[in-house]
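Participant: Note that the protein sequences, when read in sequence, are chains L and Y. Here the first sequence stands for residues 39 to 344, numbered as in our numbering. Here the second sequence stands for residues 144 to 680, numbered as in our numbering.
Hints listed in this document are in silico derivations from the structure and should not be mistaken for laboratory results. Misleading hints may appear alongside valid ones.
Selected chain L positions facing chain Y (Cβ under 10 Å, derived; list incomplete) [stated by the list, open to error]:
(1) Ala40
(2) Leu128
(3) Ser179
Ranges between beta-carbon positions, derived for each pair [stated by the list, open to error]:
(4) Y/Asp299 / L/Leu133: 39 to 45 Å
(5) Y/Asn249 / L/Val67: 43 to 49 Å
(6) Y/Arg655 / L/Pro263: 42 to 48 Å
Glycine residues also receive a C-beta, built at the ideal position from the N, C-alpha and C atoms.
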Amino acid sequence: MAAYLIRRLIQSALILLGVSFITFFLLYVLPADPVRQIAGRSATAQTVENIREQLGLDKPFVVQYGRYLTGLLQGDMGRSYLQKTEVAELILSRLPATLLLMLGAIVCELVLGLSMGIAAALWRGRAVDQALMMTSFITVSAPQFVVSLLLLYVFAVRLGWFPIGGYGTFAHLVLPALTLGILGSGWYSRMMRSSMIDVLRADYIRTARAKGLGRARVVLRHALPNAILPVIAMIGIDIGIFMGGIVVVESVFGWPGIGQLAWQAIQRVDIPIIMGVTLVSAFAIVIGNLLADLIAPFIDPRITLR
Amino acid sequence: MQKLLASTALMLTLALPAAAQDYTPDPAAKPGGSITITYKDDVATLDPAIGYDWQNWSMIKSLYDGLMDYVPGTTELRPGLAETYEISPDGLVYTFKLRPGVKFHNGREMTAEDVKYSLDRVTNPETQSPGAGFFGAIAGFDAAGPDGLSGVEVVDPSTVRITLSRPDATFLHVMALNFASVVPKEAVEEAGPDFGKKPVGTGAFKLAEWTLGQRLVFEKNADYWRDGVPFLDSVVFEVGQEPVVALLRLQNGEVDVPGDGIPPAKFMEVMGDPAQAERVVQGGQLHTGYITLNVTIPPFDKLEVRKAVNMAINKDRITQIINGRAVPANQPLPPSMPGYTEGYAGYAFDPDGAKALLAEAGLADGFETDLYAMNTDPNPRIAQAIQQDLAAVGITVNILSLAQANVIEAGGAGTAPMIWSGGMAWIADFPDPSNFYGPILGCAGAGEGGWNWSKFCDETLDAKAIEADSMFDPAKSADRLKLWSDVYMGVMVQAPWVPVFNEERYTMKSERMGGEDALYVDPVSIPVNYDYVWVKQ
């Protein structure tokens with residue numbers, strides 16, 4: 039177990055190093071000059087060169103990347119080119135909102151997705167199954183913008199049950215979390231359905247049924263823990279996606295998450311922020327996956343980590 | 144002695160306009176209350192040396208003051224922190240007498256030392272100010288560094304003398320730019336690079352709260368040196384709000400002004416409803432949207448081809464694409480800019496004439512070229528309209544729809560044959576015709592990386608422009624504007640641009656907002672002049 043953990047941690051560090059290199063390189067070769075964004079339209083050639091030199095952007099790629107990495111290892115993510123604020127401060131200020139929305143969204147996804155998936159598996163091939171799978175198909179393909187605006191318009195503007203966007207109370211969280219929950223539930227329900235169908239065919243389920251256990255008990259106690267395994271791995275991936283930010287939902291609901299920060303930084307070629315957000319979300323994906331793998335043996339004792 | 148007398152007399156005449164103008168705020172205005180403004184993007188910075196986008200521009204105006212200012216709702220200059228000013232007969236020395244008793248938000252009195260410090264700071268390369276170039280006329284600008292500008296001197300605690308290396312008729316406008324705002328040295332040094340988040344100025348409001356990514360609260364500066372303003376107790380800026388949602392919240396009474404305006408998709412709906420349309424204030428904007436034709440890339444090196452493109456574009460139709468939120472343009476200057484040439488017809492829409500000109504240029508069969516445009520709505524749709532118009536005269540256009548930074552890069556490098564300026568178009572920094580020439584049509588901007596994307600450079604016109612800008616005497620202002628009008632007419636003869644339209648501004652406000660309409664379409668404070676508006680209850 040310890041050896042496994044160490045190996046995985048080393049792998050994770052290498053993955054993050056790779057991500058940082060690729061992102062930095064892509065931003066380096068991008069045909070858009072961050073210095074021009076800082077210098078603005080009235081700058082003279084002299085000003086542009088002066089800013090380039092001060093930011094070290096006149097140096098070769100290896101030197102620039104080396105400097106960034108050195109800073110990063112000392113916990114310094116640099117300062118935003120345009121806002122001049124520390125990147126760490128910008129990300130940290132948005133982290134609570136991002137984490138809260140992520141938590142809310144995953145809860146909604148699981149509740150909706152798992153119940154739909156289980157129901158579809160139990161009534162496989164029937165009208166219930168077909169209706170649910172059709173629903174999941176629609177939610178998976180629905181655009182974020184449409185669903186968010188629809189929920190906002192109906193439940194906040196028309197019915198007035200929730201505030202029209204914003205951040206701060208539980209009521210503010212409901213609609214954005216529900217939007218993401220509905221959009222993400224399709225993936226979970228499909229995965230849960232197929233996994234559940236496999237498990238329900240297994241011998242031990244037949245044994246349990248033969249012992250005379252009730253259907254509810256068989257499904258919840260015997261089938262669910264086994265069927266849920268692939269779903270847990272998926273939560274790990276979801277965490278990473280949410281940490282990268284959900285630009286559209288965040289901006290419709292005025293939710294101060296990381297997505298908006300990243301989006302603005304990309305528009306303005308603010309490299310330190312783009313790097314920071316990318317690394318934080320890559321870190322979350324890596325950790326999310328690692329945790330999912332570490333939890334698996336506790337749910338299914340057949341799995342051992344080596 | 145005689146010479147001295149004469150120059151004193153001239154000084155006095157020049158000093159007069161400074162004291163003459165003033166502005167009477169709305170007599171019905173009531174103090175108190177708070178308003179809510181929304182924006183999609185977070186505010187980048189409130190450091191006046193750094194802030195250079197239309198969102199923070201008006202915020203900075205309310206937090207700080209410069210030596211000069213504008214009469215609210217107009218393009219007319221008035222003194223700000225300077226009580227009076229004098230211009231030497233040769234136009235090279237400006238002496239500003241400061242208003243006594245003006246205090247920074249930290250309680251300290253503002254002095255001439257602060258003015259010098261602020262100008263030294265903005266021009267110091269280490270500050271990385273995007274506005275440093277505006278101060279190029281001040282003596283010692285080329286040597287600007289940690290030691291400051293030799294041309295800015297403190298005569299006594301209430302007098303600053305600024306010496307120029309060349310006469311500059313726009314200098315008082317430059318002193319009214321946000322970049323020339325006066326900041327206290329101790330606050331800047333204490334905050335270091337975070338000054339943009341911890342602003343301290345002398346303005347009508349001070350920053351009370353800033354929650355990154357969520358909201359900013361401006362609080363009334365009770366000690367403000369202008370009597371009676373501001374009226375509002377506070378202004379709340381909520382950021383991260385989609386314009387469509389901001390409009391819904393305004394309709395619900397939660398928002399007073401949506402800072403990003405009425406979203407294009409909702410514009411017809413709002414204007415079609417009399418109750419809502421009545422709360423929309425329309426006004427001109429110092430903006431021109433244009434197509435640049437790169438004169439260094441064939442066949443745009445031929446005058447006939449550039450003229451033909453000018454005649455082939457149906458500007459009325461493009462204006463319709465944006466729901467008529469603009470007026471068709473025929474010259475680089477917008478109609479609300481001094482120096483605009485009245486009565487000039489421009490190149491009329493004439494596809495047959497365009498074809499004939501192309502044939503004259505030996506391109507009767509047309510040619511193929513690239514049009515760069517920004518990838519946000521409505522710019523791709525406008526690019527398509529341009530494509531169709533040009534196809535009608537035989538020109539095949541490939542559209543390259545890119546992110547803003549990439550279009551700017553291609554424009555600066557001079558690799559783009561045609562660029563539609565939408566989303567990056569020129570909006571004046573200050574209301575003077577010279578601001579539409581140097582960087583975007585003059586030789587200075589035509590170099591690598593410059594904003595003159597046509598790479599158009601005419602030395603005769605450049606000389607005329609310099610002559611116009613050396614006419615510093617306000618009494619000769621009419622002659623100067625005439626000269627500028629000639630410069631832009633000279634540009635149109637050579638047709639490096641297709642001026643397409645001048646955007647109109649539409650500011651929507653809640654029912655409870657008071658103050659004359661001009662304050663809601665203030666040419667320099669976009670969207671609203673926060674210092675003078677008020678609320679009814």
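Participant: All the hints need checking, so say for each whether the structure fits it.
Facilitator: To see whether the hints hold, each was checked on the structure:
no.: 1; hint: Ala40; in the structure: 40 Å, violated
no.: 2; hint: Leu128; in the structure: 6 Å, holds
no.: 3; hint: Ser179; in the structure: 22 Å, violated
no.: 4; hint: Y/Asp299 / L/Leu133: 39 to 45 Å; in the structure: 52 Å, violated
no.: 5; hint: Y/Asn249 / L/Val67: 43 to 49 Å; in the structure: 46 Å, holds
no.: 6; hint: Y/Arg655 / L/Pro263: 42 to 48 Å; in the structure: 59 Å, violated
In this structure, the earlier hints numbered 1, 3, 4 and 6 are contradicted, and the remaining ones agree with it.
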